[in-house]
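Visitor: Turn these sequences into a full structure, and let the hints steer you where they fit.
Same order as they appear, the protein sequences are chains A and B.
Offset between the first sequence (1-based) and our numbering: plus 40.
Offset between the second sequence (1-based) and our numbering: plus 40.
Hint data in this document are derived by calculation from the structure and do not stem from the laboratory.
Being a predicted model, the structure only gives us computed values, none of them experimental.
A hint or two may mislead.
All copies of an identical chain are treated as equivalent in the list; a pair is satisfied when it fits inside any one copy or across any two copies.
Unchecked claim - With a Cα cut of at most 25 Å, we get these calculated DMTMM-like pairs of lysine to aspartate or glutamate:
| no. | residue 1 | residue 2 |
| --- | --- | --- |
| 1 | Lys152 | Asp203 |
| 2 | Lys100 | Glu209 |
| 3 | Lys70 | Asp227 |
| 4 | Lys197 | Glu141 |
| 5 | Lys100 | Asp227 |
2 protein chains.
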Amino acid sequence: MMAAPIEFFFDFSSPYGYLASGRIDALAAKHGRIVAWHPILLGAVFKVTGSGPLTQAPLKGGYSVMDMHRCARLWGVPFEMPAAFPFSTVAACRAFYAVEETDPAGAVRLAKAIYGAAFGAGGDIAGPETVVEIARVAGFDGTALAASLQDPRIKDKVKQATDRAIAREIFGSPYMIVDGEPFWGADRLDHVDRWLATGGW
Amino acid sequence: MMAAPIEFFFDFSSPYGYLASGRIDALAAKHGRIVAWHPILLGAVFKVTGSGPLTQAPLKGGYSVMDMHRCARLWGVPFEMPAAFPFSTVAACRAFYAVEETDPAGAVRLAKAIYGAAFGAGGDIAGPETVVEIARVAGFDGTALAASLQDPRIKDKVKQATDRAIAREIFGSPYMIVDGEPFWGADRLDHVDRWLATGGW
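Guide: Structure below.
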């Protein structure tokens with residue numbers, strides 16, 4: 041029986057989600073696993089938890105931005121905070137699930153392109169037209185995607201993905217589940233790595 | 041010139057502070073450094089940041105307790121959550137600074153004994169009488185310490201240590217400063233290790 045995928049929950053406006061996104065596929069492959077990418081809307085999660093964007097927390101916010109840059113340098117990942125932050129990720133999330141319907145691997149490729157535009161290049165990816173343009177440049181059908189972003193079925197997929205995550209008590213991004221074991225935070229990828237190597241401890 | 045000590049800020053009711061406390065001296069010694077231990081009152085910090093005990097955060101709280109146990113197993117540290125949590129750490133903090141006046145190394149030894157009673161054995165260390173008893177068992181003069189816990193000068197030392205930490209924007213526990221570079225969280229000890237080995241990145 042094939043081993044279960046690593047479930048990877050993230051929000052497109054999560055800097056640490058971006059930092060994890062660049063490492064998780066290679067980490068999984070090392071252990072003969074694949075990754076199931078699940079973008080969600082963290083704003084809906086924060087309504088449940090009463091939490092908010094890390095970078096806006098008093099004192100902790102400034103430290104966190106510094107730590108993101110330091111982690112990025114350590115891991116060799118380009119990193120730039122978008123000037124407008126946090127930002128809406130509804131269009132990005134819909135684009136992912138729209139592409140995923142017919143092209144799951146393409147959806148992951150698109151997710152990386154969107155994350156790269158946001159945190160690799162510090163760009164603004166909030167608007168649907170920007171997301172469509174990123175997709176077009178990455179080789180997807182922009183016209184079809186633009187229509188999908190308004191499709192009630194796709195809108196509902198985003199809502200359902202987020203609701204399912206909340207029902208599973210996922211409260212942050214990135215959040216990984218490995219054979220039922222939850223790990224929160226980009227820094228827990230080291231634990232995920234060891235968990236997969238040892239079968240847990 | 042001797043290299044600067046690693047500054048180690050923590051609250052005696054911080055589980056991750058406890059987990060870091062068992063590893064930080066050996067880590068520092070590996071790099072020819074010593075550790076300057078600075079217990080603080082995180083409650084006063086939380087009044088500034090509007091934050092609160094991690095274990096009481098919705099959803100995140102339950103995960104965190106699981107993660108603490110998992111980190112403790114990974115690092116080979118005994119760990120038990122005290123039944124009453126969070127708890128007052130005023131007496132523990134005063135005891136530290138009272139002993140430190142004449143016996144800095146003894147204060148660190150006492151800090152480890154207090155932390156061990158709380159999170160190694162899951163005990164209640166809130167009351168001054170408990171702290172004095174822990175100190176007595178560890179070889180300190182219990183009668184003198186009991187008097188010190190009521191000494192206005194010692195009370196003021198705790199307040200000053202906490203105020204200085206807040207002035208330096210320290211918002212959590214554990215919090216380490218290495219040659220001016222801040223690191224927050226027990227999981228950042230790996231970064232501290234690498235920072236000391238490489239001189240930073």
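Visitor: Of the numbered hints stated previously, which ones are contradicted by the structure, given in increasing order?
Guide: none
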